[in-house]
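Participant: Below are the chains, spelled out letter by letter.
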Amino acid sequence: MSSMNMIQAINSAHAVMMEKDPKVVVFGEDVGYFGGVFRATEGLQAKFGINRCFDAPISEGGIVAAAIGMGAYGLRPLIEIQFADYIYPAFDQLTSEAARLRYRSGGEFTAPLTVRTPYGGGIFGGQTHSQSPEALFTHVVGLKVVVPSTPYDAKGLLISSVEDDDPVIFLEPKRLYTGPFEGHSTDGVKTWAGHPAGEVPDGHYNVPLGKANIVREGNAMTVLCYGTMVHVALAATRETGIDAEVVDLRSLVPLDAETIIASVNKTGRCLVVHEATYTSGFGAELAAIVQQECFYNLEAPIDRVCGWDTPYPHVFEWQYFPGPDRVGAAMKKMMEA
Amino acid sequence: MTKPVSKAKPAPAPVAGHNAVPLKLRVPEPKARPGQPADFSHMTFPAAGATRRPDVSSKSDDMRDLAYGLVRVLDESGTAVGPWAPKIDPEVMKRGLRVMMMCRVYDDRMYRAQRQGKTSFYMKGTGEEAVTAAAALALDDSDMLFPAYRQPGLLFVRNWPMLDMMNQIYSNAGDRLKGRQLPVMYSAKDAGFFSISGNLATQFAQAVGWAMASAISGDTRICATWIGDGSTAEGDFHHALTFASVYKAPVILNITNNQWAISSFQGIAGGGEAPFAARGIGYGLPSLRIDGNDFLAVYAATQWAAERARTNQGATLIEHFTYRMEGHSTSDDPSRYRAADERQKWPLGDPIERLKQHLIKLGHWSEKEHVQQQEDLEKEVKDTQRQAEAIGTLQSGEKPHPSTMFEDVYKEPDQRLRKQRQQFGF
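Quick mapping for you: the protein sequence lines, in order, are chains V and P.
For reference, each letter of the first sequence is one residue, going 5 to 341 in my numbering.
For reference, each letter of the second sequence is one residue, going 349 to 774 in my numbering.
The hints are simulated quantities; they were obtained by calculation from the structure and are not laboratory data.
Errors might be hidden in some of the hints.
Listed next, the stretches of chain P that the computed footprint assigns to chain V, with coverage defined by at least 3 CB atoms under 8 Å from CB atoms of chain V [what the hints assert, rightly or not]:
id, stretch
1, 423-429
2, 590-603
3, 761-769
Backbone N, C-alpha and C define an ideal beta-carbon position, used for all residues, glycine too.
Based on the provided sequences and hints, a complete structural model is requested.
Facilitator: Below, the structure is given as structure tokens:
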């Protein structure tokens, strides 16, 4: 057991899997010698050799395509797209190829790749380093979509993703890399040191895909969230004093609908929080499921707090970011309903 | 309220040196359209045997001319000439002839089956048979193939059962792909034949990834892939060349330049100003342009590229100059966009006729044997078709079970898929 931040936990997951399975290869822009712009792959090339961890051209389509070919060969590529905002050139390879290879070949060929990519705002990254594109991928059948919220989950979920035989989009909340962030822009930087989920086993362990985590039990309402917003929701719960049940989904596909439904049936209220834009966001899917499965137990309309339907504006970072004030206001309104 | 639109101002008087001439957009046009005689007079080719054959270890910088040349082995009289003439067993040539003839018979039967309403779609490869057959014969059977969609010959060379292919065409109960794919989008892992996508060009960069994996694993197998002239304009083509060059991947990158991408001629894809092969030069890849209707040229070029790949000298780009004799697919009518007599006037002939002539000239083949083989193949294809249709066609007979629709989305169906399958009735 060691104290790790999320980057160190992700790095450790790489090392554990590269050690365990010689078929795991790691590549992406700047990931080799340098160890990645966020240092997630630091030391891996030195430890495992240049054929196991190497730099790739600035060619996201090429990176994913090469990973698909390697997967067809029998390797298990674990690749990095430097920012989720850069993933779109690879969209065809992900959605038409990786996602459908098993289906279209009748199970002959598979794409057991894991695509790691940092997403989300709160770092003054402007509209090209802040996006949350998860719903583009949850809509694509054949892909799995995973979002951790702590170092412990990040390592366990990443190991499960690499071991999964289907393609996984692994979205890393970059604002949480170095510490939990509750969404108050004026707060000083917290670190993961001392946080219970910053204590991470050094070896191999799994956090299974498709199993949500109730991070705070409560009876007044259910808040569905993932990634950075888990910490924002916890802060809003504390600040409003509302006895909310905060559910960290951890993976969007597969989705732990059972836990969601049980929670909302218990509390009778449901707020969905995500950083991605509102319209056609994953929150709409969650709201539809809750409406259908929990309708007769609902005491108030389901609500969503999301990023505004605009590109991520650099100067208005904190007006855009759905922080605890906006989440808290929605929670209070829901309790008044 | 909208503002009133201000009146357009007159164009300012031209300033010397600044766009004095009105700019014009050039949209490339082919030499001939329907109603006009086909015109290939702008295509000039070096004589058979004239293009040099560098040693496989030559630097790519020292062979740039090959991208602008045309490797040709069979001359007009059917004689193999020049440095590229391969040492090839006549039995391999006879096998190649048989595979090419089989492709054509198979194409004709399956095309007709579509016209009879037995399936939804078909694509013929008429005229391009050598590109596929010769390459597959020059490779080892264990080498991996990432094909495009006009290449049944790859499977024939590897003795893949034709019945399996027809079951795919008919999406019947015998289709291993469970009726999920458009006809001709085969997958045959045991034959080293990657699942055909239908989204053009995606396989090109994937093939490079497969080759990189082979190199990472210290394997000895190499990889070959094919792309059309039209889809070289996709980003995947350039991703593939970049990765192949950077990592010296053991892969053969083939461009089948059949002159047409549905209705747009190769000038629209970018072949008007420089050969497609020349695109490899910028990536430092040895790049050959070859006569794709010349079985021996394809065989020799593939052998040359394979030797480079097998000896860790990296990838080769090969442009096969050929001609799509038929429409793009059963959904296409080429008489609406190209000259009617192009096929007759195509200057590089018919690959089957040319290899046949060569074999006859060598004394290994005869007209009589050729006619007999044609009859045998027609019977074989017809018999196999009967077997396939006994299982079913798209319109009749036994189909894959509908519940299989929900399989293979993931290794295991997740909760929503299980639920939807139940809603569907299974």
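Participant: Does each hint fit the structure? Answer for all of them.
Facilitator: Evaluation of the provided hints:
1. 423-429: This one is violated; 0 residues, fewer than the three required, reach chain V with a Cβ under 8 Å.
2. 590-603: Coverage by chain V holds here, the residue count being 3 at a Cβ distance below 8 Å.
3. 761-769: holds (count 3)
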